[in-house]
Every structure is written in structure tokens, then in C-alpha cells.
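Student: The lines below spell out each chain.
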Amino acid sequence: KAGVTQTPRYLIKTRGQQVTLSCSPISGHRSVSWYQQTPGQGLQFLFEYFSETQRNKGNFPGRFSGRQFSNSRSEMNVSTLELGDSALYLCASSLGDRGPMNTEAFFGQGTRLTVV
Amino acid sequence: GNSVTQMEGPVTLSEEAFLTINCTYTATGYPSLFWYVQYPGEGLQLLLKATKADDKGSNKGFEATYRKETTSFHLEKGSVQVSDSAVYFCALNIPRSGNTGKLIFGQGTTLQVKP
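These protein sequence lines are chains E and Z, in that order.
FYI, the numbering for the first sequence is 1 to 116, going by the numbering used here.
FYI, the numbering for the second sequence is 1001 to 1115, going by the numbering used here.
Just so you know, not all the hints are guaranteed correct.
Rough simulated footprint, nothing fancy, chain Z against chain E, three-plus residues with beta-carbon under 8 Å [to be verified]:
#1 38-50
#2 55-61
#3 64-72
#4 88-95
Straight line, CA to CA, 30 Å or less: simulated BS3-like cross-link-like pairs of lysine-lysine [unchecked claim]:
#5 Z:1068 x Z:1056
#6 Z:1077 x Z:1056
#7 Z:1114 x Z:1068
#8 E:57 x Z:1052
#9 E:57 x E:13
#10 Z:1077 x E:57
Label pairs and their in silico Cβ distance ranges [to be verified]:
#11 E:51 x Z:1069: 34 to 42 Å
#12 E:5 x Z:1017: 19 to 27 Å
#13 E:13 x Z:1012: 33 to 41 Å
#14 E:116 x Z:1070: 42 to 50 Å
#15 E:17 x Z:1076: 18 to 26 Å
#16 Z:1012 x E:39: 16 to 24 Å
#17 Z:1015 x E:54: 41 to 49 Å
#18 Z:1016 x E:63: 47 to 55 Å
In case anyone wonders, no lab produced these hints; they're calculated from the structure.
For glycine and all other residues, C-beta sits at the position ideal for the given N, C-alpha and C.
Chain E extracted, bound-state conformation:
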């Protein structure tokens, strides 16, 4: 069974640009969540998509957005990049049902974004 796939693995962007990151979840998983990992702030929740709808959102500015397609693949977009957006962006997939046995999340290897 293939795991969670994130592309690209590494990105270098210039301040002010925008970027799109992609995540393909495990087959059959309908929930995709995104996290930002930085040395200073640790792992912070960005948002979750379930069946093409944003189900939950963290405390990030509107420059961070996402979407989910009918095949459960998800993209995350960051516009007007700032130096502080440099981070490892992790995607996690899960079955998405609310029961405790179905909330186990599996992570991709992440996309390392560097803003210069």
C-alpha cells in the first residue's frame, strides 16, 4: 500500500512569490491535514480537508489556503511569501471518520520550503 506522497521535496522561492505544494493521501483516505514545522514554533496545524471541504482551520493568515480534489489529493498554496514561511510542510492523511479508531494520521516526508 503506497504511503502519503508529497511533492516537491524541496523548494526555494523568493519573497513575494507564491507556491503550491501537493499531497496524495493513502488510497481510501478521505481526510488530508497540513502542518507547518519550524524550529521555533514546532508543529502547527494549518487546516484539514475532508471530502473536498475544509473541515478545520488553524490560526494562520489568509495567505495560506488549500483545496482538495475529488480523488482526495490536496494542494496547499501560500501567496506573497515571507521569510518566516520557510519551514517543513507536512501533509497527513487519515480515514477521516470521527470515531477514535479512524483518526490515526499517516504523514508524508514533507516539502522543505526555503524563502530567500
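Given the coordinates of chain E, assemble chain Z onto it according to the supplied hints.
Tutor: Just chain Z now, with coordinates in the frame of chain E:
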């Protein structure tokens, strides 16, 4: 609000030593608890989980017991190996709630095992 607190690292041990990484939580509702491990340059791997009080999660020699009375989920291993060197994260989510898909993480504990 919901939160997770882990012991600060780094933790440095000799091979075959006993490991404990403390984790306590604050949560409304009935959280599920997880330990994730992150190796250098990698994403997070689920190490073990527990979904209700007194459950014991175990995997690869690691164990953790969900203690509701002390709101804790401490990670233990009887004999660590150099290959266990990594960053360990304690996390929770709240099933059957509006925050089902949201994992709340502790700050992570770096473990370094020396030969």
C-alpha cells in the same frame, strides 16, 4: 484549551539504557493519544497510540499507557539502540468532535543514543 507538554531534551543515553520521555496533556472530551517519531530529514512516523483510558500502546519495544487520572502518556523503552536516535513527539486529537482531524503536538524531545 487542548495542549500537550513534553519533557525538554535533548536526552542522551548509552546503548541498552532505559528510556522514559514524559508527556502530559490537557484536553476537553475524550482524547486519543499518540507518539510519533521523526528521523533526520524525514516526516513523522506513527510509533504507537491509545484511544481510551488504561490502554497500552506498544511497538518496536516502545510502550506508553494512557493514564487519565494523571493525564499522562509517558513513552518507555527497556533497552535503547543507536538506531532509536530521533525526535519524539507526543500528540492528541479529539475524536467525535469538530477537531477530529487536528493533531495537537508537544514540542518534541530529541533522543541521542551513544554506542
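Student: The structure should be examined with respect to each hint, and the outcome stated for every one.
Tutor: Evaluation of the provided hints:
Coverage of the segment 38-50 of chain E by chain Z holds [criterion: at least 3 residues with CB-CB distance below 8 Å; count 5]. Restraint check on the segment 55-61 of chain E versus chain Z: 3 residues with Cβ-Cβ distances below 8 Å, three needed, restraint holds. Counting residues of the segment 64-72 of chain E whose CB lies closer than 8 Å to any CB of chain Z gives 0, so the stated coverage by that chain is violated, three being the minimum. Judged by the Cβ-Cβ criterion of 8 Å, the segment 88-95 of chain E is covered by chain Z as claimed, because 3 of its residues qualify and three suffice.
Pair hint residue 1068 (chain Z) plus residue 1056 (chain Z) holds up; C-alpha atoms about 12 Å apart against a cutoff of 30 Å. Straight-line distance between C-alpha atoms of residue 1077 (chain Z) and residue 1056 (chain Z) comes to about 13 Å, which keeps the hinted pair within the 30 Å bound. Pair hint residue 1114 (chain Z) plus residue 1068 (chain Z) does not hold up; C-alpha atoms about 34 Å apart against a cutoff of 30 Å. Note on residue 57 (chain E) and residue 1052 (chain Z): the hinted pairing holds, with a Cα-Cα distance of about 26 Å set against a maximum of 30 Å.
Of the pairs offered as hints, the one joining residue 57 (chain E) and residue 13 (chain E) holds, with about 25 Å between alpha carbons and a cut-off of 30 Å not exceeded. For the suggested pair residue 1077 (chain Z) and residue 57 (chain E), the alpha carbons sit about 35 Å apart, so the restraint of at most 30 Å is broken. A hinted range of 34 to 42 Å for the beta carbons of residue 51 (chain E) and residue 1069 (chain Z) is consistent with their spacing of about 38 Å. Checked against the given bound of 19 to 27 Å, the beta carbons of residue 5 (chain E) and residue 1017 (chain Z), roughly 37 Å apart, lie outside it.
At about 37 Å, the CB distance of residue 13 (chain E) to residue 1012 (chain Z) agrees with the hint of 33 to 41 Å. The given range of 42 to 50 Å is respected by residue 116 (chain E) and residue 1070 (chain Z), whose C-beta atoms sit roughly 46 Å from each other. Between residue 17 (chain E) and residue 1076 (chain Z), the C-beta spacing of about 46 Å breaks the proposed range 18 to 26 Å. Restraint check, residue 1012 (chain Z) to residue 39 (chain E): a C-beta distance of roughly 19 Å satisfies the suggested window 16 to 24 Å.
Roughly 46 Å separates the CB atoms of residue 1015 (chain Z) and residue 54 (chain E), a value that falls within the hinted 41 to 49 Å. Checked against the hint of 47 to 55 Å, the pair residue 1016 (chain Z) and residue 63 (chain E) passes, with Cβ atoms roughly 49 Å apart.
Hint violations for this structure: numbers 3, 7, 10, 12 and 15, all remaining hints satisfied.
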